[in-house]
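Taken in sequence, the protein lines are chains A and B.
Numbered as in the working numbering, the first sequence ends at 514 without a single skipped number.
Numbered as in the working numbering, the second sequence ends at 118 without a single skipped number.
Do not take every clue at face value.
Claimed, not checked - Example chain B residues on the side facing chain A (calculated, C-beta under 10 Å, incomplete):
| # | residue |
| --- | --- |
| 1 | Gln52 |
| 2 | Thr54 |
| 3 | Cys94 |
Said to hold, decoys possible - Under the rule of at most 35 Å between Cα atoms (straight-line distance), these lysine-lysine pairs were calculated in the DSBU-like manner:
| # | chain 1 | residue 1 | chain 2 | residue 2 |
| --- | --- | --- | --- | --- |
| 4 | B | Lys80 | A | Lys468 |
| 5 | A | Lys509 | B | Lys80 |
| 6 | A | Lys405 | B | Lys13 |
Note that these hints are calculated values from the structure, not bench results.
C-beta: ideal position from N, C-alpha, C; glycine also.
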Amino acid sequence: DQQVKQNSPSLSVQEGRISILNCDYTNSMFDYFLWYKKYPAEGPTFLISISSIKDKNEDGRFTVFLNKSAKHLSLHIVPSQPGDSAVYFCAASAGGAGSYQLTFGKGTKLSVIP
Amino acid sequence: GAGVSQTPSNKVTEKGKYVELRCDPISGHTALYWYRQSLGQGPEFLIYFQGTGAADDSGLPNDRFFAVRPEGSVSTLKIQRTERGDSAVYLCASSRGLAGEQETQYFGPGTRLLVL
Numbered sequence: 401d402q403q404v405k406q407n408s409p410s411l412s413v414q415e416g417r418i419s420i421l422n423c424d425y426t427n428s429m430f431d432y433f434l435w436y437k438k439y440p441a442e443g444p445t446f447l448i449s450i451s452s453i454k455d456k457n458e459d460g461r462f463t464v465f466l467n468k469s470a471k472h473l474s475l476h477i478v479p480s481q482p483g484d485s486a487v488y489f490c491a492a493s494a495g496g497a498g499s500y501q502l503t504f505g506k507g508t509k510l511s512v513i514p
Numbered sequence: 003g004a005g006v007s008q009t010p011s012n013k014v015t016e017k018g019k020y021v022e023l024r025c026d027p028i029s030g031h032t033a034l035y036w037y038r039q040s041l042g043q044g045p046e047f048l049i050y051f052q053g054t055g056a057a058d059d060s061g062l063p064n065d066r067f068f069a070v071r072p073e074g075s076v077s078t079l080k081i082q083r084t085e086r087g088d089s090a091v092y093l094c095a096s097s098r099g100l101a102g103e104q105e106t107q108y109f110g111p112g113t114r115l116l117v118l
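Based on the provided sequences and hints, a complete structural model is requested.
Below, the structure written as structure tokens:
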């Protein structure tokens, strides 16, 4: 049973527009959420994170929103750039329960079209 | 500073052989993690070290998999009697390891293991 779900395997967006990547989770013990970006043949690169005590975190062009009641988070990229084309992974951990392992979704492949 | 490094970058072996995968974490990071990523999937947790000890090995799939971190820095993931299903990218990550804090894990480039 997948505890972190990214239901869109792929997404195409025009350069300059907003990219919205979605993630749902089922484990109510998750209290820390992260987004990673991955290029082919490279390891995941950390993008942005959010603690469960917040509902929004912003870093430059990247904003993550957390809706705990819906067990849903989203990553907004604006404006989107061709260099943002990559696979984006949503990850979660339940550190408050003493576990620091990350549980990942399957990823969403973002293509930003020039 | 230098990021997480992993060697080798690629490893091809035959079914039944033994392999070792190495991870060198970010200097000063006391927490180290191993994950495995199969094709089309997200990374899956294998084991977590805090210092020299394995704090959580609940993700190791069976007793053919073992990992060590004898001096609290470099870690080696060991796979005995490899099977074709072990083919995957093995990722290592590290974090500062501050007690009680949620931390960002920083990943290495991975080792691509192919078992023929």
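Going down the list of hints, with the structure as the test:
no.: 1; hint: Gln52; result: 9 Å, holds
no.: 2; hint: Thr54; result: 17 Å, violated
no.: 3; hint: Cys94; result: 8 Å, holds
no.: 4; hint: Lys80(B) with Lys468(A); result: 39 Å, violated
no.: 5; hint: Lys509(A) with Lys80(B); result: 31 Å, holds
no.: 6; hint: Lys405(A) with Lys13(B); result: 30 Å, holds
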